[in-house]
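Visitor: Residues per chain, in single letters:
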Amino acid sequence: MKLFRIRGGVHPQEHKQLSAHKAIEVMPMPELLRIPLQQHIGSPAVPVVRKGDSVLKGQLLAHAQGMISAPVHAPTSGRIIAIGKHIAPHPSGLPVRTITLKADGNDRWIDLPGPVDPFTLDANEISERVAAAGIVGMGGASFPSAVKLNLGKRFSLHTLVINGAECEPYLTCDDRLMREHATEILDGVRIMMRALGVAHCLFAIESNKAQAHEAISKAAGNHNGIRTVKVPVRYPMGSEKHLVQTLTGEETPARALTADIGVVVHNVATAFAVHEAVRFHLPLISRVVTVSGGAIKHPRNLRVAVGTPVRELLAHCGGFREEPARLLSGGPMMGQPIINTGIPVVKGSNAVLALTAAETATHPAMPCIRCGSCVKACPCGLVPVEISARTRHGDLQGAADLGLMDCISCGSCAYVCPSHLPLVQYFNYAKGELTARQRAEHKQKETKRLAEQRAERIAREKKAKREAMMRRRQAARKRTKSEKAGANV
Amino acid sequence: MSHTPLFSAPHAHQATSIRRTMWLVILALLPATVYGLYLFGWPALNLFVVTVASALLAEAFSLRLAGKAVKPFLFDGSALLTGWLLALTLPPWAPWWIGVVGALLAIVIGKQVFGGIGQNLFNPAMVARVALLISFPLEMTTFLTPLPMFSANAPSFVEGLAISFSQGINLDAVSSASLLGHVKTELGQGHLLPDVLTSVYDLKTLLSGNTPGSLGETSALLILVGGLLLLFLRIISWHIPLAMLGTLAMMATFFHWLDPAHYPDAVYHLFSGAAMLGAFFIATDLVTSPVTARGQLLFGAGCGLLVYIIRTWAAYPEGVAFAVLLMNATTPLIDHYLKPRIYGRRRDGSPLQHRNRLSEGGGT
Amino acid sequence: MLAAITSLMLLGFALGSLLGLASRYLKVEGNPLQKEIEEMLPGSQCGQCGYPGCAAAAEALANSRAPVTLCPPGGVVLAEALAGKLGVSIDLSTLEEKQPMVAFVNEGLCIGCGRCYKRCPTDALVGGPKQIHVVISDSCTACEKCIDVCPTACIEMRPIPVTLQTWHWPKPSLAYTA
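Chains as they are written, first to last, in this note's numbering: chain A, 688 to 1176; chain B, 47 to 410; chain C, 795 to 972.
Some clues are possibly wrong.
As the list claims (entries may be wrong) - Dumping the calculated DMTMM-like pairs for lysine to aspartate or glutamate here, alpha-carbon to alpha-carbon at most 25 Å: (1) A:K1063 - B:E232; (2) A:K1118 - A:E1143; (3) A:K1135 - C:E938; (4) C:K879 - A:E1143; (5) C:K924 - C:E901; (6) C:K829 - A:E1073; (7) A:K1132 - C:E901; (8) A:K1149 - A:E1139; (9) C:K912 - A:E867; (10) A:K1165 - A:E1133; (11) C:K912 - C:D885; (12) A:K789 - C:D885; (13) C:K879 - A:D791; (14) A:K1152 - C:E833; (15) A:K1149 - C:D917; (16) C:K879 - A:E1128; (17) C:K879 - A:D1088; (18) A:K1132 - C:D932; (19) C:K879 - C:D917; (20) C:K912 - A:E1148; (21) C:K924 - A:E1148; (22) A:K1135 - C:E830; (23) A:K917 - C:E938; (24) A:K1135 - C:E901; (25) A:K703 - A:E718; (26) C:K829 - A:E1120; (27) C:K965 - A:D1093; (28) A:K703 - A:E867; (29) C:K965 - A:E867; (30) C:K965 - A:E1073; (31) A:K1118 - C:D885; (32) C:K965 - A:E1133; (33) A:K1132 - C:D885; (34) A:K772 - A:D798.
Honestly, the hints are just simulated from the structure, not real lab data.
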């Protein structure tokens, strides 16, 4: 199949050999699970259980709220011991509303309806089941999948792309899932094709995963419509828009969705979850997580219950070989630092990495020498050197004018920077600060409106008061007049 | 907990740093340098050492004065490279103070005054070279036929010290014009090219570098080897060298075709003077050249064009330094106007249009 | 010589009359800048800038007597807009030091007197007489007028808490600049 070139990109060391040969292993259920109510983009889920309640595995803990949201289910049976704040899996370390579940050790399932044939369901029924199972994009973005399965209603779609690129170094969870569960994944793919109403599917796998490619090709068999494609190994191949461009040659317009060019992209792990949810009514309560990095004693791929604290994963993998320089949730290119090992695994966590100083290869920052490496590496055609310079000097609007908001934070620029400048942090700071300013501007407009309304109201009240006074006075005058007249009579 | 330094992604990094970049450039310069030092003997080595040492001292002094950390900046290799490049462009037997003044000009005026590494608008080595050329025209244009080290007529170590460090050595006995200078003079006197060139012009000589010229500029072949090494290591991209040499060659070919008696051919232009060193090592200076591929093409083409114009019609026989400085001045402008197209947008910045929404009103 | 003198005189005369006409026909009443600046200000008359109201502040700004960073509710956005309008450069450091605040009613002390919500320029305090008052934090500009009138000193200004939705990465601080 003809593939198309994307701009820029980098070739980081893969390090996948650390865990690629390790079969997925089910991690023992921990005693205490911390289940955040917000594991997805959108509104947080609303609890339907109370402190002290006993719950069964798969039971609904919190329901979705609003259009873009996802419910949360119990990963095992046990008792709810708290509904409160717990440190979020987020670089800020801020608290998030979290349900704490004490496992009873029985791991007893709630009664599930019998399996159904998904191909008797219509598109709406499929997306409803996906929504009810709490499935979110498992590649890391955590966007509610049902919303993406409904795109067929708003766009005319022609292709479903399954993202098996797994372009981040170290990560092997998708690779293992494809090798071990190819049939289930393809069942999920067919269900999603039915929900979207598309006849074609391109299953993209980076060419460094030969075994996964073989397994998927074999499982796809002679099902026409599904085609497995080996895409070149280049970061960020797994970026939705860039993957679609590689496969179709079409570029998604800025500030638009891939659906705008007729394509919807889903992750392989999502396809697996869809298969389980639609066919067997199983909610999304566990996922495969790669635990790897040079500082981990025994790198592994684990199937982990959502809510399992990171420290349990580390302990299960034998702890640290040496003190890690960085402890990360996600891959080294876009992952977030873990500042507390008490944070739980959530639906979007694909890896826990402990990297040694040698692996991170970071040095203190030096001044920019304008070498242009970042310009060459940027897959979005931006000029990171200029954007970061403007941000550094406080000209955020200027940074936005240069396309800051088109940056996908892939980190390619910072990866190649010989001055080791924290370019991505500049961009993240600028994006966040610009959003904050927009909020402030909105608030100021609102203040102005409120102040004007109040001034008007006060004026109105004054006028009303004056008029009332006048009327009273007139009435009084009339009264005295009539009294006088009466007296005269 | 909140006191842990917060590291933003990415958490892995390519094995690259400013120091590595600078040292690789120096490595690429090594063959031409060693050969140049061999060709011109002890006085050249003296000048080279003095120039490089002065550059490092000037850098350390400036950093101290600016209150910056001396160690990381002094050892990033940039001052060393600047001094090195400057030395390569000096006449090999120039007196020691030419090297000292040049290094001071390059580091203090050319670089540190702008705010240090990465901040300078102009190539520091070329700032120094042009300032020296204008201020000390005699010393800066006294070239000599190579007298390889240890050869019969070459000065001994002591004689070399005398040439470099004491006044009044008469160089007339050995001095000889560079090819570019010779041709310019002869053409100026109304001679025609075929007569002028027969005696001095030989491609083999130009490639090997056994010809009068600056310390490290004479061997086009060794410089080319170094340049290709930089390309291979991806320290520089092909855009500037190709555009510069290509434009120079095209201009030369065109005018040579018009009038072979007055305009030398492309080979003469490409392999003489500082053209090769300029294209691979000077115009490609990371700090002072544009950051985008299209910008670099334009920049290189501008350099090539200016080199040809200055060599052919201006008063100086060689124009690489002037050309590079002039184009350096245009770099901010080039970077402002020639940007890559942003993904999903047209060149003018508006989003691409091919939406296939079924109904309007859906948000993104 | 004569031609030169004549032509220059004519030129001077023509241009001079043009200026004279312009000053007569294109005359502007009052200072339009002041009006435009007043439009940009929040208009809550909160007085945090030290001027009696937004109109007075606008006048001071128009006559370059006040810095563009004077308005805390307007924040950085307004300061930048004003700087653009007046064509001056700004020093944002004074603004960045100020953490955004919001009023907070200590429910144990509030007696429901109703003075605060009558005084609030943005109606950010709600509640009835003899009822505990509540702050609508989205509307509060932290002007502190309510603090001045509260008889039981039950109102205080607290920093707006950072949430997962409002947190963003801090600006990197580079060691080499030190």
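Visitor: Each hint: holds or not?
Guide: Okay, the hints, checked on the actual structure:
{"no.": "1", "hint": "A:K1063 - B:E232", "in the structure": "violated, 46 Å"}
{"no.": "2", "hint": "A:K1118 - A:E1143", "in the structure": "violated, 38 Å"}
{"no.": "3", "hint": "A:K1135 - C:E938", "in the structure": "holds, 17 Å"}
{"no.": "4", "hint": "C:K879 - A:E1143", "in the structure": "violated, 28 Å"}
{"no.": "5", "hint": "C:K924 - C:E901", "in the structure": "holds, 12 Å"}
{"no.": "6", "hint": "C:K829 - A:E1073", "in the structure": "violated, 37 Å"}
{"no.": "7", "hint": "A:K1132 - C:E901", "in the structure": "violated, 29 Å"}
{"no.": "8", "hint": "A:K1149 - A:E1139", "in the structure": "holds, 15 Å"}
{"no.": "9", "hint": "C:K912 - A:E867", "in the structure": "violated, 69 Å"}
{"no.": "10", "hint": "A:K1165 - A:E1133", "in the structure": "violated, 47 Å"}
{"no.": "11", "hint": "C:K912 - C:D885", "in the structure": "violated, 36 Å"}
{"no.": "12", "hint": "A:K789 - C:D885", "in the structure": "violated, 54 Å"}
{"no.": "13", "hint": "C:K879 - A:D791", "in the structure": "violated, 66 Å"}
{"no.": "14", "hint": "A:K1152 - C:E833", "in the structure": "violated, 30 Å"}
{"no.": "15", "hint": "A:K1149 - C:D917", "in the structure": "holds, 17 Å"}
{"no.": "16", "hint": "C:K879 - A:E1128", "in the structure": "holds, 16 Å"}
{"no.": "17", "hint": "C:K879 - A:D1088", "in the structure": "holds, 19 Å"}
{"no.": "18", "hint": "A:K1132 - C:D932", "in the structure": "holds, 11 Å"}
{"no.": "19", "hint": "C:K879 - C:D917", "in the structure": "violated, 30 Å"}
{"no.": "20", "hint": "C:K912 - A:E1148", "in the structure": "holds, 13 Å"}
{"no.": "21", "hint": "C:K924 - A:E1148", "in the structure": "holds, 22 Å"}
{"no.": "22", "hint": "A:K1135 - C:E830", "in the structure": "holds, 15 Å"}
{"no.": "23", "hint": "A:K917 - C:E938", "in the structure": "violated, 64 Å"}
{"no.": "24", "hint": "A:K1135 - C:E901", "in the structure": "violated, 28 Å"}
{"no.": "25", "hint": "A:K703 - A:E718", "in the structure": "violated, 31 Å"}
{"no.": "26", "hint": "C:K829 - A:E1120", "in the structure": "violated, 30 Å"}
{"no.": "27", "hint": "C:K965 - A:D1093", "in the structure": "holds, 19 Å"}
{"no.": "28", "hint": "A:K703 - A:E867", "in the structure": "holds, 17 Å"}
{"no.": "29", "hint": "C:K965 - A:E867", "in the structure": "violated, 44 Å"}
{"no.": "30", "hint": "C:K965 - A:E1073", "in the structure": "holds, 16 Å"}
{"no.": "31", "hint": "A:K1118 - C:D885", "in the structure": "holds, 21 Å"}
{"no.": "32", "hint": "C:K965 - A:E1133", "in the structure": "violated, 28 Å"}
{"no.": "33", "hint": "A:K1132 - C:D885", "in the structure": "holds, 23 Å"}
{"no.": "34", "hint": "A:K772 - A:D798", "in the structure": "violated, 30 Å"}
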